[in-house]
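Asker: This is what each chain is made of:
Number of protein chains: 2
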Amino acid sequence: MPETGQPTGEERIDRELPEQDASELAHPADTADHLESLELEEQIKFIKRLPVRDAASSIAEMGHHERIELFQRLNLGMASRVIANMAPDDATDILAGLEEEHRRSILARIPPRDRVELRELLTYDPDTAGGVMNTDALVLHQDLDSDQAIALIREQVEDKEIPYYAYVVDDESRLMGVVSLRELMIAPHTMHLEDLIQSQRLIAVHHETDQEEVAKLISNYNFLALPVVDDEGKFLGVVTVDDVINIIHEEASEDMQSMVGAGMDETTESPWLYSVKKRVPWLLLNMVNSAVAAYVVHLFEDNIAKITLLAVLMPVVANMAGNSGQQALAVMIRQMAVEKFERKKFWLGVLREARIGFINGIMLGGTIFCVVWVLTQNLLLSGVVGTAMWMDMFVGCTAGASIPLVLHELGRDPAQASTIFLTTITDSVGFLSLLSLAGLVLLGG
Amino acid sequence: MPETGQPTGEERIDRELPEQDASELAHPADTADHLESLELEEQIKFIKRLPVRDAASSIAEMGHHERIELFQRLNLGMASRVIANMAPDDATDILAGLEEEHRRSILARIPPRDRVELRELLTYDPDTAGGVMNTDALVLHQDLDSDQAIALIREQVEDKEIPYYAYVVDDESRLMGVVSLRELMIAPHTMHLEDLIQSQRLIAVHHETDQEEVAKLISNYNFLALPVVDDEGKFLGVVTVDDVINIIHEEASEDMQSMVGAGMDETTESPWLYSVKKRVPWLLLNMVNSAVAAYVVHLFEDNIAKITLLAVLMPVVANMAGNSGQQALAVMIRQMAVEKFERKKFWLGVLREARIGFINGIMLGGTIFCVVWVLTQNLLLSGVVGTAMWMDMFVGCTAGASIPLVLHELGRDPAQASTIFLTTITDSVGFLSLLSLAGLVLLGG
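Residue numbers (the numbering used here), protein chains in the order written: chain A, 1 to 445; chain B, 1 to 445.
Keep in mind that the hints were calculated from the coordinates and are not lab data. Do not rely on the hints blindly, as some may be mistaken.
Any copy, or any two copies together, can satisfy a pair, since identical chains are not distinguished.
As the list claims (entries may be wrong) - With a cut-off of at most 27 Å between alpha-carbon atoms, the simulated DSSO-like pairs for lysine-lysine come out as follows:
1) Lys277 / Lys344
2) Lys277 / Lys216
3) Lys278 / Lys344
4) Lys216 / Lys340
5) Lys48 / Lys277
I would like the entire structure built from these sequences, with the hints used as guidance.
Answerer: Structure representation (structure tokens):
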């Protein structure tokens, strides 16, 4: 959740943090960095020396894999004290990563009120608004006036994590509006909240809304927080802008990594066997897809036996089209990550890429034509290579732009394995066009 | 900058915004979406009908290319009124995108005070803290007490965009500390700001700090804003969390797109000739690099003439290693985007990938061995293909993880053209190992 102040201690103007011992570590994010640099045993010793609140806030800042590993080794007493002192969204995230039985044992040891809340939060899908929301929010009844509201806020403000908005509800806890601290400060003293929010266009999301959607809303509207409600419009919690920053980082990693068939949540610190497990299925898919391109080459083995230079040129054509297609793919996937999906706009984007592929194909196909001509003095061969590259780059760009859209229309993640599908197409089309054209033009059919 | 309230009007619970006409468009982001869907002529008509403040805030929410295009067509009077009513960071961004002379004409028409500020802002590199910061901030002298401070804030709050922190300065405008609205509200009435910030560890950045660094600081420490200072520590402005969201989106697009040699700032709406211009140099580089792999094949043309099946298997080996290397590349680039650079940690990441490549190479190499054996009954050929794939996947993973680090050590962008370098390596090593092994084992040298 957003920090409201700055850490205390020494001045820091844009330079690396100096090596610090525990006593100097001012900010939980720094302590978390320090923790991650230690061996597991050392981490546990270090944690035990910290006040439990500090331990909780530092662990909250650690990476997902790292904090799960740490929790697997903490004793139950310590683990439950840390969980009880953590913001509910972080606590849920850790609990969800533990074994069923371990989770139950920890939950059994924390105060009943927190336990009920965490059990509730654990029921939400972690990639939805419900899964990333915070339940610590300022909730005010709509019948209060602004003076009463400010008095209440002053009482509660130390406990609550998000002190910039207060959420106004009716008798049935249904969310009626949102007021900012600033609005309260400048409102007439006896104005009722109900009147203050009257003309408001309330923006809230259902707890099942995908986290990527939530991130887009917050970043489009420049909100600091977005309320989450249930089917009946009852207020459940808020997603804050710093959660959104994490979501955006996460989604960007997921896109880039799943595009090539790496695990969505892999980092350089994931256990390496985890990465092996995540990548092998996609590598197998890639092998099956490569077989398609290989089969195309197989069909033309005779031509290759006659003109072995074709085997030299094959990878150049396929590689150029693959690169060209990946450029289209990257631009399209990023656009889909950042913008609201609009079918017409995105298909116009495909048209744009087709045009780019056509022109780039002419230019690079022209270049390879010249190079091969200079090297071989064989006009027909040069023409065949140039034409094959042109066609393949055109197909590559068009396919690269279309694949994420097709995946999206099929209800799949637009990035998933997209380069694998793309290279299947560019390799096959490249080999087919080069080898069949060569057969027709150079070997007379 | 962050919104403090919610837009007013109808209720909205997680559903698509309905078609709206101008009068219903409540939030500048929605107006911007609407504007972008119009033809240029229509955009200008629409803008002219809006109050100038609304026009300014809506244009501020448009995409970079779109708003520059619009500005190139607006008449000078309108353009300068809009610029004068815009947040300084957005105004600077637009002005920086216009021709020198056009920019000068617009600046000549806006109020002198704003003009001086914008000229100042235009001197900062757009990718630095100075280039993305906002100058509209609450600045308070350290001699004020908290009551005086609150009174001042209440006066100014309507004008200022970032009302969550106030920046405390000394007589020479040097930044001494930061106080949040919340801290002021709960502080004793007559406490001086100087005492309030006494034990604070101030975190600020120099105006030349790279925007990516700024984003990492804000997202690591969960700040809502980060102050920017000059060489003498004088307060210049603040970078806010919503700017950071844009930076993170931007940097993710830059990484993914520059990785394959597309333009860093391309979107599906960039002019297509702009994309052609950005991509062609990298495609040419890719062609030169492909020539290396082609040359390797050329060296072994004789072997291919004797065993044309090698030409069938060549692309499979290269493709598998390329895919495997891209997985390592993606994980490494994302990690470098999200985390502070630590040499040792990242090189350990390379070791991790080498291990993954080794094991995945054995598994997939083993698979292709079996497949080729079943299809050809040729044990030696199967062994050659399996071994070549194993070696190439190992090299691919290691190279994929190393390339971003090497680029970083050379002071280059770690992502730039990285897949192009990677495929050069995986293609060359794949062809070399397959064709040379085949020569040794199958053709006896």
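Asker: Each of the hints needs a verdict: does it hold here or not?
Answerer: Hints, one by one, checked against the model:
1. Lys277 / Lys344: Between. Shortest inter-copy distance 25 Å satisfies the 27 Å Cα cut-off; intra-copy 38 Å does not.
2. Lys277 / Lys216: For lysine 277 and lysine 216, neither the intra-copy (31 Å) nor the inter-copy (30 Å) Cα distance is at most 27 Å.
3. Lys278 / Lys344: between (34 Å within a copy, 25 Å between copies)
4. Lys216 / Lys340: both (8 Å within a copy, 26 Å between copies)
5. Lys48 / Lys277: Classified as neither; 34 Å inside a copy, 58 Å across copies.
Violation of the numbered hints given earlier is confined to hints 2, 5; the remaining hints are satisfied by the structure.
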